[in-house]
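Asker: Chains as they are written, first to last, in our numbering: chain A, 1 to 293; chain B, 1 to 362; chain C, 1 to 298.
Mixed in with the good hints there might be a few duds.
[Unchecked claim] Using 20 Å as the maximum straight-line C-alpha spacing, the simulated SDA-like pairs for lysine to any residue come out as follows:
1) K5/A <-> I29/C
2) K5/A <-> R108/C
3) K210/B <-> L225/B
These are computed hints drawn from the structure, not numbers from a lab.
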Amino acid sequence: MERRKGALLVLAIISVIWSLLPIYWLLNMSFMFPAEIFAVPAHLFPQDPTPNNYLRAFGYPTYDPKTGAELTRGGGHSVYITGGLLNSFMIAVPVTLLTIALASPAGYAFGRIGFAHKNKLLFLLIGSRSLPPVSILVPYFLIYFMLGLVGTHLGMILIYLSITVPLITWVLMGFFATLPVETERAARIDGCTRFQAFLKVVLPMARPGIASCTMLAFLISWNEFMFAWILAGGSPAQTIPPALASMFYQWAEIELMSAANTIAIIPPIIIAMIFQKYITQLRIVDPVTVVGA
Amino acid sequence: MKVVLKDVFKKFGEVTAVDHVDLEINDKEFFVLLGPSGGGKSTILNLIAGLERETSGEIYFDDLLVNKMPPEKRDVAMVFQSYALYPHMNVFDNIAFGLKVRKMLRDEINKRVEYAAGMLRIKDLLKRKPHELSGGQRQRVALARAIVRKPKVFLLDEPMSNVDAKLRVPMRTELIRLQKSLGTTAVYVTHDQVEAMTMADRVAIIDLGKVQQVGSPLETYLKPLSIFVGGFIGTPPMNFFDCSLKMNDGEGRLETAMFSLPIGADVVRTLKERATGSELALGVRPEDISVYRERPFESIEVEVYALEPLGKEIVVDLKLGDEIVKAVTDPTFPGRMGDKVWMTINKERMHVFDRKTEKCVL
Amino acid sequence: MSLPSFFKRGVTDAQFAYLLILPLVVFAIAMVIFPVVYSLWLSFNQIDIRLGQKWTFVGLQNFAHLLKDMYIGHAFTVTLQFIFESVFLNLLLGIGLALLMNEVFPGRGIVRAIVLLPWAISEYSTAVTWRFIMAETFGLFNGILLSLGIIDSYMNFLTMETALHWVAIAYAWRLAPLGAFFLLAGLQTVPEELYKAAKIDGVGPVRRFWYISFPHLRYSIFIITVLVTMFTATATDIIIVMTGGGPGISTETVTYLIFKETFKNLNLGYASAVSYVLIAVVMVMAAAYFLLLARRRR
């Protein structure tokens, strides 16, 4: 038994290292001077840590710690970073909220109600999601151009919704289907219409599933790169991933890239840590085993 | 309130769950739907509740046709097998939920919840959440939730299945007393015939979606109308022997493979009138079979195959040819496995069935 | 909360369901159908952006070219290899992590939280990070190997033969946690008694997994395989950022090819044609999934 616990701990540590090491490495380099990054052998810990890279990312001038001379001027990159963060929030939050608001009832309907053409509708909904983004990129750009949606927040919200809503509906369908039927029935006997039962009884019971889907939707819309780059790159609505890309066309300033990327991954990590305990409640469910209420 | 089902028929896809059922449940009655699992009784309950829609047929509450009424409007209360309490609310809110949905005033709600909680002795649990309660406590909450709305009819779907065997008996009596004091019609579904016998004013035996028999518990015991009912009611179950009516010099006999039973003329007459052919089945309850160590008149020789001493009686398995006959004796019966003994059948209490599921004579 | 009278009237189940679903389906289709149709139209044209958006209708010429293009064949091979490695790694990591997280040990909660983190990182940042790790002049990988004495000096690991492997590893690093958590949820529905009975019968851990855990997870594993395949088939960000299709064209998947044609060669018509083929393939996969699903019902 002890040996088993020991083996488990070893595996656990390995998993933790596997998961964290890349992130840690990024963090590591973000605190180094350019010269130290190229040191051989690589330093696992900055010997001369400096917040310069972060200062630069946010547009503050930086100074040499020893001589006090100005190393870099302020301004410049910060527009990308702060603008990117702001836009990412302005787009991810509405998308997340709208997705949950729309996908919950739909997922419930798929997961609980039997009705004609269910499988066909499900296929249409989910199949639409399986197109490779890169294939529809150009048509999208042209259509958006015609509609004047290029580089607008609305345009980005719409396109992210088209990605998240089908996916979250599918996930929630599985989740709603595993909730106990009798509790819903009890609510209806108690006097609720189907809709009231959904709001007052089913949704509260579905909190864990909805929480993890909130996280999912947020991450998808925050992290998406392709559409953001093409449809909003360089525009006032640019989100963080394309902002980073445009900052670093030449890959020259590795220390700056490390800092910028670290900044970019902090909000999703925070969201993930908050919601992670709910994700084990999700289930992948065979749609044919759905029970009606 | 009376509940009437007229020719109710319900199909799920290709499967018929309820097959042209007619039922009349009287006001204030404790009516039990008894039958084996999958026989359709829960479906009937759901149809009364409105949780399922009938494929055809009519359901009346008093004189009101309720077919198209959704469950929330039917003013019924239901206790589920799993109790189905709302996990995110405490006990008070669980009980009060139905009243809140109907927009009752706060004072009235408080009064009613206190009253119901008092009746079921759960007043000290009002602040707890369902997952903090034991099974028995949850059942009480479910019951409180049902009675607090003063509904027109109680529907109970096997509420005892998750209760400890020891607690079932006191719970049964409590349930009956509750129902009688409230005076509300109750429809109770169970597969446990002991429950049905002890609790019901009347019982309907449901199998394969059909009503096999309706009557008081005693009626179904003494006068089973079909082989199914005969075999279903009574523990240990009724013994059945395939037999046919034979005439020997004007004397009627019931002939089985292993023995032959003389019967009176009036019995013969009744059999000839009512039977469709000569294929009959003889049904005898174990309690109507007597076992002797010495051979009495008109007895059948059997061998003791097994003994189940129950304290107040002994259930004896008797080997008759290739078949086992169950009989009940008093606890002083001295037989042992392998002994040769003799059994007699109480002809006053035997049942003869046409093998096409019908009873002919007591 | 007062609802409009429409809801109070009480609609039938089916109507209720349609009400909730149809708008979404319409929206999803609309967001998809126009680009798809438009893309088809594009694929029948040759578009030269430089000359002021001059469009020439060329019919099926793009498709003909496609069949002869050797880059396409190579791209498909690369994509298939990528998918294969990706599915393998994702399942391996996913099942392994799920099994680990299902066990009880001190610190399990923290481990679960940490294991999820890679999924929270964008594909872009993943690509950047792993590119830095594998870098020739300053990478972590080189650093570790050097410190352990396995190599004498820094080498290039992203070579023509091996680059795709590293891309697959990076991609799996990011994608596996999601599958792992789905599998974990599935594992937790396995009744404890089965394991106990097996232990009493003397069944070892490997067979316990194979005969008890695995059957419970079969459907989930199937779904994850399908999803990973579809995600991998359409992955572009990671290739663009981590290797740029290279070295040479060793990591040029079909999606990267489309990207290249569109944005580097500015050959929109041709890119659309290739896109169309890719769309068709993905649709076939989605349809296959649903057909398998329908067949299971019988």
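Asker: Hint by hint, say whether it matches the structure.
Answerer: Taking the hints in turn, this is what the structure says about them:
| no. | hint | result |
| --- | --- | --- |
| 1 | K5/A <-> I29/C | violated, 52 Å |
| 2 | K5/A <-> R108/C | holds, 12 Å |
| 3 | K210/B <-> L225/B | holds, 14 Å |
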